[in-house]
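Number of protein chains: 2
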Amino acid sequence: MSRLDYKQAGVDYSKIDPLKIQAQQAAASTARNLAVHGLTELAASRGESAYVVDCGDFYLASITECLGTKALVADATRQLTGKTYYDQIAQDTLAMAINDIITVGATPVSVHAYWAAGGSEWFHDAQRATDLVAGWKRACDLCSVSWGGGETPALSGVVEGGRIDLAASCIGLVRPKSRLTLGDRLAHGDAIVLLASSGIHANGVSLARKLAERLPEGFGARLPSGAMFGEALLVPTTLYSPLTEALARHGVVPHYCANITGHGWRKVMRHSADWTYRIHTLPEVPEVLQFLVKQTQSDAREAYGNLNMGAGFALFVDAHDAARTVEVAAQQGIKAWIAGVVEKGKKQVVIEPLSLTFAGDDLHVRA
Amino acid sequence: MSRLDYKQAGVDYSKIDPLKIQAQQAAASTARNLAVHGLTELAASRGESAYVVDCGDFYLASITECLGTKALVADATRQLTGKTYYDQIAQDTLAMAINDIITVGATPVSVHAYWAAGGSEWFHDAQRATDLVAGWKRACDLCSVSWGGGETPALSGVVEGGRIDLAASCIGLVRPKSRLTLGDRLAHGDAIVLLASSGIHANGVSLARKLAERLPEGFGARLPSGAMFGEALLVPTTLYSPLTEALARHGVVPHYCANITGHGWRKVMRHSADWTYRIHTLPEVPEVLQFLVKQTQSDAREAYGNLNMGAGFALFVDAHDAARTVEVAAQQGIKAWIAGVVEKGKKQVVIEPLSLTFAGDDLHVRA
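Here the protein sequences line up with chains A and B, keeping their order.
Okay, so the first sequence: first residue is 13 according to the working numbering, each after it adds one.
Okay, so the second sequence: first residue is 13 according to the working numbering, each after it adds one.
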């Protein structure tokens, strides 16, 4: 079997980015509209994972995020097992929004659901609908957020027949304001604490789908442990907000945070300034990612440059807080590693155990 | 040509509603999660057009809304004229969110864009992308909101190739809190002021598309005035927030508001309690809606029960504020009519000039 890469898998970032940059510039120019309302934005939040407005007593953060194509994996795996998995991908969808909004120091407060189906008949499958609702509610309860409402359009001709586009918007409060983490505190010597992922989360799914097309048993293929490939992909994304809230209660305010999603470990250097991120310890790689890397014949650069490879979230904390951060994570049932250190130097991620370096140019998420 | 109705046009509300009710009940049960954060929701906002949380000094409102299938009209009309119309449907998309959030008395503050395309190549059409960005920015500026960010996923296999799913989320502040309009002020004798729509807005579009399929010239058909059917459909939705903000500056606080979208004039009785809404004056019907009604052989019940028929938004105000409301609207360039009165009585909309009554049972938007 030949190699598979991202362009073959249908995601071509070089084509998305020009519009994204145009949109970011237009969006930034609308900031002045807030003055009418006696409000100001935190300009530094543009380009970060959530938008932040100063409301006087606290900051208000907001975000809208999409699941991507993981529903297609659920649909295909259901053909094999009869389970819908929509409870699990509901959690994935909320995780996309919640794990992003917490990066700025926000407590997620409320969410809206956006479920756009290919036609009214999508909603007629009672088991799938019940699972979607139950999983969405469970994830809200896990993160102590209120599910404020949502939109369930039937978009025949826009969304493919029998399919659904799942997205979530989230509002959060940064309160007290000292919890804000837009990156101005990041410093030489800070520890990089990586939090375990539960599996693929929702990034690299196009690649996994392409692989399934090539495997004789598709999503029914077996991992070495005996787990089914499709089911292993559908292990829901870890929700990190219970941990960031617990850290706040323990008095640990990260200096910066990065949600490890698209672009894999290149996201470790998400901060706008130039820092060198030196990694000395690697987290365990979930079996499903090991399988994906092996079967697609990806090298370490491709694997760590696109997949989370066991690290779902990065906390950059004062070196004195590192051990405590790992402890609090353990209390929340999340494995964590003191994996590296932030150093003065050019923008790069140096993964020493792999002799692998991502240069600053390898990440293009800002205008 | 035979009659066309909503089920033929692909929107079957009887199939969407059971999930919607299940979701609403699960969502309501998550309200208790706010207590952890020292917040409370306004339970009365559930079932209204935006969700409202009490933040102490002010209320925080939020909403996520979808354009629906109007992008398909833009795509088809572009084939005829070469214009993309994405600047216009950008405004429609924002109007869906903004015209909803203002119903609770909120000042819209910031929005996120959600543009989910069928593949990366969608974003490669520079004219269309530029128009989409420009129209989005212009609508933000018109409503004095900040465009905080967004998501531009490429969802091959979920969204149809060459298509895009446009949605918007919006955050608003109700400040001072006395601007809250969740309906507790609605009273016998209140005036019903209807605000002019600019055309079809974004509801009834499936019906219009179905009609275009049947017309020999499709979207290229001509209205009596000579306007092209497709272009007339694409006149962007009126943004009503400049008017609701102007009313607040003039000291007019509506007792209740209803955005006239799906379910047409049945939305006039959106309020949760039983009131009779007696309409004595009809707004002018935009030519494109006259054409749609005539060509689909819809009767008045179908037309007013599904389309805005010239009324894009309903303000329920103290009778003493009615004339002033119309005046302020005129200053904002929006035609308005003192169209009727709220009366004690069973839930119904009585449209006297048409001898037409919608009973309370005709509207099912609540759990």
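These are computed hints drawn from the structure, not numbers from a lab.
Careful: at least some of the hints might be erroneous.
Ranges of calculated distance between the beta carbons of each label pair, as one might list FRET restraints [claimed, not checked]:
1) Gly238/A x Gly94/B: 26 to 36 Å
2) Asp374/A x Ser284/B: 51 to 61 Å
3) Gly263/A x Ala331/B: 54 to 64 Å
4) Ala335/A x Lys189/B: 37 to 47 Å
5) Lys189/B x Pro365/A: 52 to 62 Å
6) Lys189/B x Gly263/A: 28 to 38 Å
7) Gly238/A x Arg44/B: 33 to 43 Å
8) Ser190/A x Glu339/B: 42 to 52 Å
9) Asp196/A x Ala331/B: 32 to 42 Å
10) Arg234/B x Pro30/A: 35 to 45 Å
Some chain B residues close to chain A (C-beta under 8 Å, calculated; not the full set) [as the list claims (entries may be wrong)]:
11) Leu31
12) Ala43
13) Asp69
14) Thr119
Beta carbons: idealized from backbone N, C-alpha and C, even for Gly.
Here is how each hint holds up against the structure:
1. Gly238/A x Gly94/B: 26 to 36 Å: With Cβ atoms ~58 Å apart, the hint is violated.
2. Asp374/A x Ser284/B: 51 to 61 Å: holds, 54 Å
3. Gly263/A x Ala331/B: 54 to 64 Å: With Cβ atoms ~57 Å apart, the hint holds.
4. Ala335/A x Lys189/B: 37 to 47 Å: holds, 45 Å
5. Lys189/B x Pro365/A: 52 to 62 Å: holds, 56 Å
6. Lys189/B x Gly263/A: 28 to 38 Å: holds, 33 Å
7. Gly238/A x Arg44/B: 33 to 43 Å: Given range 33 to 43 Å: holds, Cβ gap about 40 Å.
8. Ser190/A x Glu339/B: 42 to 52 Å: Roughly 48 Å apart at Cβ, these two residues keep to the hinted range, so it holds.
9. Asp196/A x Ala331/B: 32 to 42 Å: Distance hint for Asp196/A, Ala331/B is violated at roughly 55 Å.
10. Arg234/B x Pro30/A: 35 to 45 Å: With Cβ atoms ~37 Å apart, the hint holds.
11. Leu31: Holds. Min distance 4 Å.
12. Ala43: holds, 5 Å
13. Asp69: For Asp69/B, the interface hint holds, since the closest Cβ of chain A sits about 7 Å away, which is under 8 Å.
14. Thr119: holds, 6 Å
Against the hints set out earlier in the document, violations occur for numbers 1 and 9.
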